[in-house]
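Undergrad: Sequence:
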Amino acid sequence: MPDSRLPDLIARHEADLLAQWAKALSAAGATREDLMKPEELRAQCADLLGSVRQALQRGGNDITGQGWEKVRELLTEISRTRAQQGFTPTATASFVFSLKEPLFQRLRSEHAANPALLVEETWSTTTLVDKLGLFTIESYIKAREDIIRRQQEAMLELSTPVVKLWDGILALPLIGTLDSARTQIVMESLLQRVVTESTDVVILDITGVPTVDTLVAQHLLKTVTAARLMGTDCIISGIRPQIAQTIVHLGVDLTSVITKSSLADAFKVALSRRDLMVVKRKAAAAGAQA
1 MPDSRLPDLI
11 ARHEADLLAQ
21 WAKALSAAGA
31 TREDLMKPEE
41 LRAQCADLLG
51 SVRQALQRGG
61 NDITGQGWEK
71 VRELLTEISR
81 TRAQQGFTPT
91 ATASFVFSLK
101 EPLFQRLRSE
111 HAANPALLVE
121 ETWSTTTLVD
131 KLGLFTIESY
141 IKAREDIIRR
151 QQEAMLELST
161 PVVKLWDGIL
171 ALPLIGTLDS
181 ARTQIVMESL
191 LQRVVTESTD
201 VVILDITGVP
211 TVDTLVAQHL
221 LKTVTAARLM
231 GTDCIISGIR
241 PQIAQTIVHL
251 GVDLTSVITK
261 SSLADAFKVA
271 LSRRDLMVVK
281 RKAAAAGAQA
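For the sequence shown, position 170 matches number 170 in our numbering, and the numbering has no gaps at all.
Fair warning: there could be bad hints in the mix.
[Stated by the list, open to error] Restraint ranges, calculated between C-beta atoms of paired labels, are given here:
{"hint": "1", "residue 1": "E197", "residue 2": "R58", "range": "58 to 64 Å"}
{"hint": "2", "residue 1": "L215", "residue 2": "Q151", "range": "55 to 61 Å"}
{"hint": "3", "residue 1": "T225", "residue 2": "T90", "range": "18 to 24 Å"}
{"hint": "4", "residue 1": "K222", "residue 2": "Q151", "range": "48 to 54 Å"}
{"hint": "5", "residue 1": "G29", "residue 2": "G208", "range": "42 to 48 Å"}
{"hint": "6", "residue 1": "E153", "residue 2": "Q218", "range": "55 to 61 Å"}
{"hint": "7", "residue 1": "Q151", "residue 2": "E14", "range": "58 to 64 Å"}
{"hint": "8", "residue 1": "T225", "residue 2": "R32", "range": "47 to 53 Å"}
{"hint": "9", "residue 1": "R149", "residue 2": "G65", "range": "27 to 33 Å"}
{"hint": "10", "residue 1": "G65", "residue 2": "T177", "range": "30 to 36 Å"}
{"hint": "11", "residue 1": "Q151", "residue 2": "V269", "range": "17 to 23 Å"}
[What the hints assert, rightly or not] With a straight-line cut-off of 27 Å between C-alpha atoms, the simulated DSS-like cross-links for lysine-lysine are:
{"hint": "12", "residue 1": "K100", "residue 2": "K37"}
{"hint": "13", "residue 1": "K164", "residue 2": "K260"}
{"hint": "14", "residue 1": "K164", "residue 2": "K142"}
{"hint": "15", "residue 1": "K268", "residue 2": "K142"}
{"hint": "16", "residue 1": "K260", "residue 2": "K280"}
{"hint": "17", "residue 1": "K222", "residue 2": "K282"}
{"hint": "18", "residue 1": "K164", "residue 2": "K70"}
{"hint": "19", "residue 1": "K23", "residue 2": "K37"}
{"hint": "20", "residue 1": "K37", "residue 2": "K70"}
{"hint": "21", "residue 1": "K131", "residue 2": "K142"}
{"hint": "22", "residue 1": "K164", "residue 2": "K37"}
{"hint": "23", "residue 1": "K222", "residue 2": "K268"}
Just so you know, the hints here were simulated from the structure itself, not pulled from any lab data.
Virtual Cβ for every residue (Gly too), placed ideally from N, Cα, C.
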């Protein structure tokens with residue numbers, strides 16, 4: 001758009017364009033005063049329109065070019081903040097696409113006597129705003145995906161709590177399906193606690209794992225191997241009859257790992273590994289008197 005009259009038009013009518021843009025946003029339902037203050041929205045509109053004008057004055061409508069770097073950064077930041085604030089994809093896209101109407105109205109006023117020029121400028125403006133709108137949507141989707149990913153990571157960390165049962169004994173109750181991403185978080189959190197707690201025995205309780213297939217078994221073995229490399233013994237508890245049958249059917253070798261049917265049984269083994277045992281108070285008192 002080297003010879004476009006659009007940058008000059010924006011420069012001469014910037015205040016009016018901003019006012020008309022605000023009306024178009026309101027008509028499109030793209031304003032959410034519960035999520036963003038009106039003055040913040042006006043500031044975003046002013047920053048974007050001014051940045052677009054400056055980019056056009058440098059020449060060219062290739063928004064991937066160096067001259068449009070500031071516009072891209074601004075749209076990326078706007079998309080990110082709107083994703084965090086809870087704006088919908090439609091409202092975010094409307095923020096950019098609503099700029100078409102005031103621009104078209106101004107173009108018609110400026111070039112009413114020259115239909116050919118009006119068509120040319122309208123087409124160039126449409127193409128430009130569409131490109132900016134698509135870039136905004138892509139940035140919004142990336143921001144939403146990043147938010148979802150971080151939320152999933154936080155939920156995974158909360159769903160894999162490492163519990164201290166006794167000095168030198170940790171338990172990791174697993175609930176839900178195990179996959180590669182979750183196994184990685186399990187290993188990282190477990191190994192970190194193994195170091196900080198000077199752990200001798202770790203109990204992996206899979207009572208809450210609905211099914212055990214080859215992939216889940218491999219993930220369990222990876223966790224056991226990682227703990228052993230840190231000098232810690234591992235016990236897998238919660239081996240229900242159906243899970244035991246599945247493991248045998250799959251041909252998964254767990255012979256090198258201590259397995260127990262319940263967390264209580266695994267805890268007994270862990271205590272014995274540390275030369276400890278649990279006795280009733282009366283029995284202990286009677287033994288002391290004898």
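Undergrad: State for each hint whether it applies.
TA: Here is what the structure says about each hint:
1. E197 to R58: 58 to 64 Å: 60 Å, holds
2. L215 to Q151: 55 to 61 Å: Given a distance of about 24 Å, which is not inside 55 to 61 Å, the answer is violated.
3. T225 to T90: 18 to 24 Å: About 49 Å separates the Cβ atoms of T225 and T90, which means 18 to 24 Å is violated.
4. K222 to Q151: 48 to 54 Å: 25 Å, violated
5. G29 to G208: 42 to 48 Å: Between G29 and G208, where Cβ atoms are some 44 Å apart, the hint holds.
6. E153 to Q218: 55 to 61 Å: 22 Å, violated
7. Q151 to E14: 58 to 64 Å: Given range 58 to 64 Å: violated, Cβ gap about 40 Å.
8. T225 to R32: 47 to 53 Å: 51 Å, holds
9. R149 to G65: 27 to 33 Å: 30 Å, holds
10. G65 to T177: 30 to 36 Å: 46 Å, violated
11. Q151 to V269: 17 to 23 Å: About 37 Å separates the Cβ atoms of Q151 and V269, which means 17 to 23 Å is violated.
12. K100 to K37: 23 Å, holds
13. K164 to K260: Holds - the C-alpha atoms of K260 and K164 are around 19 Å apart, at most 27 Å.
14. K164 to K142: 39 Å, violated
15. K268 to K142: Violated, because 49 Å separates the two Cα atoms, which is more than 27 Å.
16. K260 to K280: 23 Å, holds
17. K222 to K282: 43 Å, violated
18. K164 to K70: 52 Å, violated
19. K23 to K37: Since the Cα atoms of K23 and K37 sit roughly 15 Å apart, the hinted pair holds (cutoff 27 Å).
20. K37 to K70: 23 Å, holds
21. K131 to K142: Holds, at roughly 17 Å.
22. K164 to K37: Violated, because 47 Å separates the two Cα atoms, which is more than 27 Å.
23. K222 to K268: Roughly 24 Å between the alpha carbons, so the hint for K222 and K268 holds.
Of the numbered hints listed earlier, those contradicted by the structure are 2, 3, 4, 6, 7, 10, 11, 14, 15, 17, 18, 22.
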